[in-house]
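A.B. asks: Numbering (my numbering), first residue to last: 1 to 317.
Keep in mind that a hint or two might mislead.
[To be verified] Pairs of lysine to aspartate or glutamate, DMTMM-like flavour, derived with a Cα cap of 20 Å:
no., residue 1, residue 2
1, LYS235, ASP108
2, LYS169, GLU41
3, LYS235, ASP105
4, LYS187, GLU155
5, LYS97, ASP157
6, LYS187, ASP157
In case anyone wonders, no lab produced these hints; they're calculated from the structure.
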Amino acid sequence: MSTLSFRMPARRLAAVAAAGVLTAGPAALAGAGPAHATDAEGSASAAVLRTGLDVALVNRTVRMPLAVALNEVRAPQSAQKAAQKAAQKAEPEAEQKTALTARLDGVDDGRTFSVLRADVAEAKAAVDGTGAEASTRLTRARLHLPGLPLLSLIEVDAVTSAATCEAGKPPVATSRLPGSVTVLGQKVSVGAGGPTDVRVPGVGEVRLTWSQRQTTSRTAAATALRLTVSVNPLKLNVAEITGTLTLAEARCAAPPAAERATGPVPTPESDVRPQSAPAGTDLASTGGSPLTPYLAGGAAALLAAGGGAVALARRRT
Numbered sequence: 001m002s003t004l005s006f007r008m009p010a011r012r013l014a015a016v017a018a019a020g021v022l023t024a025g026p027a028a029l030a031g032a033g034p035a036h037a038t039d040a041e042g043s044a045s046a047a048v049l050r051t052g053l054d055v056a057l058v059n060r061t062v063r064m065p066l067a068v069a070l071n072e073v074r075a076p077q078s079a080q081k082a083a084q085k086a087a088q089k090a091e092p093e094a095e096q097k098t099a100l101t102a103r104l105d106g107v108d109d110g111r112t113f114s115v116l117r118a119d120v121a122e123a124k125a126a127v128d129g130t131g132a133e134a135s136t137r138l139t140r141a142r143l144h145l146p147g148l149p150l151l152s153l154i155e156v157d158a159v160t161s162a163a164t165c166e167a168g169k170p171p172v173a174t175s176r177l178p179g180s181v182t183v184l185g186q187k188v189s190v191g192a193g194g195p196t197d198v199r200v201p202g203v204g205e206v207r208l209t210w211s212q213r214q215t216t217s218r219t220a221a222a223t224a225l226r227l228t229v230s231v232n233p234l235k236l237n238v239a240e241i242t243g244t245l246t247l248a249e250a251r252c253a254a255p256p257a258a259e260r261a262t263g264p265v266p267t268p269e270s271d272v273r274p275q276s277a278p279a280g281t282d283l284a285s286t287g288g289s290p291l292t293p294y295l296a297g298g299a300a301a302l303l304a305a306g307g308g309a310v311a312l313a314r315r316r317t
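Could you put the whole structure together from the sequences, leaning on the hints where they help?
C.D. replies: See the structure below:
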């Protein structure tokens, strides 16, 4: 059994950190390595019950949150726990508590009240190198709200949800429900279509959404039953309860599929040859040859000698 206590809500402050951007030179860029992917391995999570309720007290302006979960599991766990399991046979994360109670200041003088009781309440999550999977199972369960100790919000015989994500394969999400459930004392048939609304005079309204399933290329999620409530107990100092409750939830994400090694596609040989000039071809456009420097030097010497002879002849005359 799990028991949770809640005090008067305090205002929570969120701190936002600003990150600076640094520029690196070519040498730093040359030494930088590739970034590691954050989704290198799969993940899985499951919960038998999850609540997100807002409880308003009689003659008070305070509204108190009731956010609890029963048998919530996640995989993989922390690095330390994963290292411990590496030396042992890998087992799925599992929780099997069959009851959940809570306390709220101002509700029934702070006494403990029951949130859920069941014969079987099980949640599992597992991840390995080939994929991830999660599942939940709930049998003969009764769910209660604060201020309504004698009247169950819902009674259900058996519900299950499962999500399976294998690497390289389409994910699968499934959920199963009985033919009917009891909501605020009224028997309601499980519908295959849209949501079902239940109204009880003097108590409130409940909207039931059945068997929600969603898949993407790598993820899957299944929820057996989601209840949206607006109830006015007017008992035990509780004026109004609004919010949602989720029964039998399972989620998973597959690890990326191994990529096949690929290389350049070979091209067939061709007889077409490049249209460039032969390596030994002389430069016809300029008349250049290996003897050009020597010819130019000889011409310069002859010109200098001729000029000297002319100057000497003029002096003699």
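A.B. asks: The structure should be examined with respect to each hint, and the outcome stated for every one.
C.D. replies: Right, here's what the structure says about each hint:
1. LYS235 / ASP108: holds (9 Å)
2. LYS169 / GLU41: holds (15 Å)
3. LYS235 / ASP105: The hint holds at about 15 Å.
4. LYS187 / GLU155: holds (9 Å)
5. LYS97 / ASP157: Satisfied, since the Cα-Cα distance of roughly 17 Å is no more than 20 Å.
6. LYS187 / ASP157: Status holds; Cα separation ~12 Å.
No hint from the list above goes unmet by this structure.
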